[in-house]
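Here the protein sequences line up with chains A and B, keeping their order. Here the first sequence stands for residues 2 to 206, where the numbers follow my numbering. Here the second sequence stands for residues -10 to 652, where the numbers follow my numbering.
I should point out that these hints are in silico values taken from the structure, not numbers from a laboratory. Among the hints, a few may not be true.
To be verified - 30 angstroms max Cα-Cα, derived DSBU-like pairs, lysine-lysine:
| no. | chain 1 | residue 1 | chain 2 | residue 2 |
| --- | --- | --- | --- | --- |
| 1 | B | K499 | A | K25 |
| 2 | A | K174 | B | K603 |
| 3 | B | K499 | B | K281 |
| 4 | B | K427 | A | K25 |
| 5 | B | K553 | B | K603 |
| 6 | B | K547 | B | K640 |
None of these values were measured; they are calculated from a predicted model.
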Amino acid sequence: MSNAAAATLDHHHDPSTSTGIPNKKLLMWAFLASDCMFFGCLISTHLIYRLHPPPGTLPAREVFSIELTSFSTFILLMSSLMMALAVNAIQKGNLRSMRWSILTTIFFGLIFLGCQVYEFRNFVFEKHLTITNSILGTTFFTLTGTHGLHVLIGVIWLSIMLAYSFTGRLTEKDAIDVESMGLYWHFVDIVWIVIFTAVYLLEYI
Amino acid sequence: MEALVKTDFLPKEAAPAKPFVLWRPTVKEGLIGWLTTVDHKRVGVLYMVSALVFLVVGGLEALCIRLQLMVPNNTFLTSAQYNEMFTMHATTMIFLVVMPLGSAFFNFIMPLQIGARDVAFPRMNAFAYWIFLAGAIVLNIGWFTRDGAPDAGWFGYAPLTTRTFSPSHAIDMWVMGLQLLGVSSMIGGFNFIVTIINMRAPGMTMMRLPVFTWMTLFTSFLVVLSFPAITIALIEIMMDRLFGTNFFEVSNGGMPVLWQHLFWIFGHPEVYILILPAMGIISEILPTFSRKPLFGYPIVVFSGASIGFLGFGVWSHHMFTTGMGTTATAAFALMTMAIAVPTGVKIFNWIGTLWGGHIATRTPMMFALGFIWMFMIGGFSGIMHSAAPADAQQHGSYFVVAHFHYVLIGGSLFAILAGIHYWFPLMYGRKVSEFWGKLSFWLIFIGFNVTFFPMHFLGLEGMPRRTFTYDRNMGWATGNFIATMGTLVLGLGILTYLSVLLYTLYKGEKTTKDPWDARTLEWSLPNPPPEYNFQVIPTVHARDGWWYAKQHSDLIAKEEAEHKAADEAHGGLHMPHQSIYPFLATCGMLIGAIGVAVMDFANRQEWPGFWGPKVAVSMLGGAIMVGSIVLWALEGNEGYHIHLNEDGSIKSSDQTAPAAAGH
């Protein structure tokens, strides 16, 4: 039967959904809504404790290096641009272009992570701010570390997708897979804008 | 609809040969069949069976608590054992009984109600179940170890849960167990949201959804938006315990009250996660047995939505005695009073449904009527708590214990027991005998009231909750003795209920299709429903879709014939492939979670000692999880086709036909 049936259109393979929004996209939106609450709780924790520093706390401004973080923030935002280009490319079926865009996204993501590793080492060994010795260290490292973990997961996801694109199984029809990955990546960037404002910029007002 | 059909339906190309690790299991029976199942009905059964087992476990824990309190100065349990008992009783009943029983119905019933062949992400659905089981195992491991079971209360207030006051690994197990259960619920929640929004049958508009499906949707939104708060709270306490951070360490500027806020931002929506499915079940049963449509359908739906929405703004009424300040206390008191309004509206709608109906007092209806009455009593004592000054008196007393058992047993559990009786004929094609069903109802109803009604008085007389014993001259002896007697009756009732259920499963009276003459689409199926659910995806013309279909059988038969031909032309019914990876990924998570829970405290001086076999075990678990998820993604979701005979039996399936299996 297979051949006779295969020649027809099989729309139930990617069924037109009740809303017209692909399932995977809706799933990603629901997950990101949930992740908003996740980061919301962590950021609130930081903001609350920021208002009640115990005596002898190192002022955050003396620890932070706003120049470095501004640079890595810029790089992360640019990675979102490359991610958008990758989604655009796969939607047009341009695999080659998608691979270059994804590779650049990974590269930018790694620069951001590298800056964070450098920043963490600098804070711990030069500025003597550790996760245990003060409430600022506790909330700062937990919050930015959790965000860094999100970036790392994104980088791994991007790398697997990049490798997968060489198997020949990734086609225009799978654009939604790249698109949901893109949604995740943009979200991680947007959260960073909030964290950068609430954790870093707030100290300079 | 046609405009939405995608344009890229290419003929099926010969897929490249798959590597061996991406083998797709095809066995439907036996252990492999259950481990690899992605059928939403089977996942629902797994949830239900596990939850009923834990109902017995949690019930036995409750029995131990009541036996200890039966007489003054009892020595049946030590104070330490008593702490374990009430902690695990609450944790078990909330996370391992009521929530998974809700999930059992979401899984089994909801896709049938919206006319879908499965949930949106079948493998993720199985994954949610397996993680739930892993979380249940981690929570209960303590009983078999020297550290004992978790003993800090189900809301685990810091700083009691910090390493200073609870040095043993029991709390770590509790933290990791709850973390897994949270992941499980959230994965399930995402899946149900997408399924309800996207997988509805043609004509099933949102305002035609059965109320149970609506409540599933609201519950799922509550789950995915409230669980992140407890996830963060648990991460913070885990960091404190494992790495010596200062989130709840007062000497370094931490504030333990933060735990209470984070916990109850989760904890109060959680209360609605437990009760909204119950309200959905009741809204299905009452119209069926009153022979009337649900009174005020849109109002019932919208009050469900407002309960869900307001549920996020009342958490601090659990904390009126922490000294939040007058403004915050007043605001939360007002919000709490406000949330009683939509709840009351629902009660009136149910009464309106009953009003003037031809009420058939079958077993499910008995539980449903019991629900309305008992839930109202729980609601009345709840509204008393919303007045902050009164609450300050009742806080931490047995009055609170009475209140939440009235809403959780008299509310959630009664509705779930009603739902099991109501849908049992659909699930297994057999019906519980009316005599034994009603007997179990009366035993449960009487036992429940005798147990918990005296607790109102005990609370007002000043008996604090979580006290492991009391002196005779406190004047609490009579009330406690009556309550314990009630517990024995309640236990007998639950025992009867479960034994009758088990008997019915094998020997019960067989029923025909649609035995209750009901209104919603799940009853259009033969019982038990075939694995593909609907031979032909139904077209829905009215709110009570199946009722309409029964009245307009000619029209429906014509439509079905057309759709059947269209389905066959498209290559048969599309079924999802089974998969082993959800189970394997969960095994990794289980190993990793236990590894993290048994890890030793690390401080800076001891960092080198921190790296040891326990860390290696956690990492191994993590690696298994990540590896399984990658293979899961690579195996793809293409599924296979089946073709049916006229009677609904499977004529052929290209899953088992090697030529068409894609190799």
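Hint check:
This hinted pair does not check out: K499(B) and K25(A) have alpha carbons roughly 41 angstroms apart, beyond 30 angstroms. With a C-alpha separation of about 44 angstroms, the suggested pairing of K174(A) with K603(B) is violated against the 30 angstroms cut-off. A distance of roughly 26 angstroms separates the Cα atoms of K499(B) and K281(B); the hinted pair therefore holds under the 30 angstroms criterion. Between K427(B) and K25(A), the direct Cα distance comes to roughly 46 angstroms. Violation of the 30 angstroms bound is thereby established for this hinted pair.
About 57 angstroms separates the Cα atoms of K553(B) and K603(B), which puts this hinted pair outside 30 angstroms; it is violated. Distance hint between K547(B) and K640(B) is fulfilled; the C-alpha atoms sit about 23 angstroms from each other, no more than 30 angstroms.
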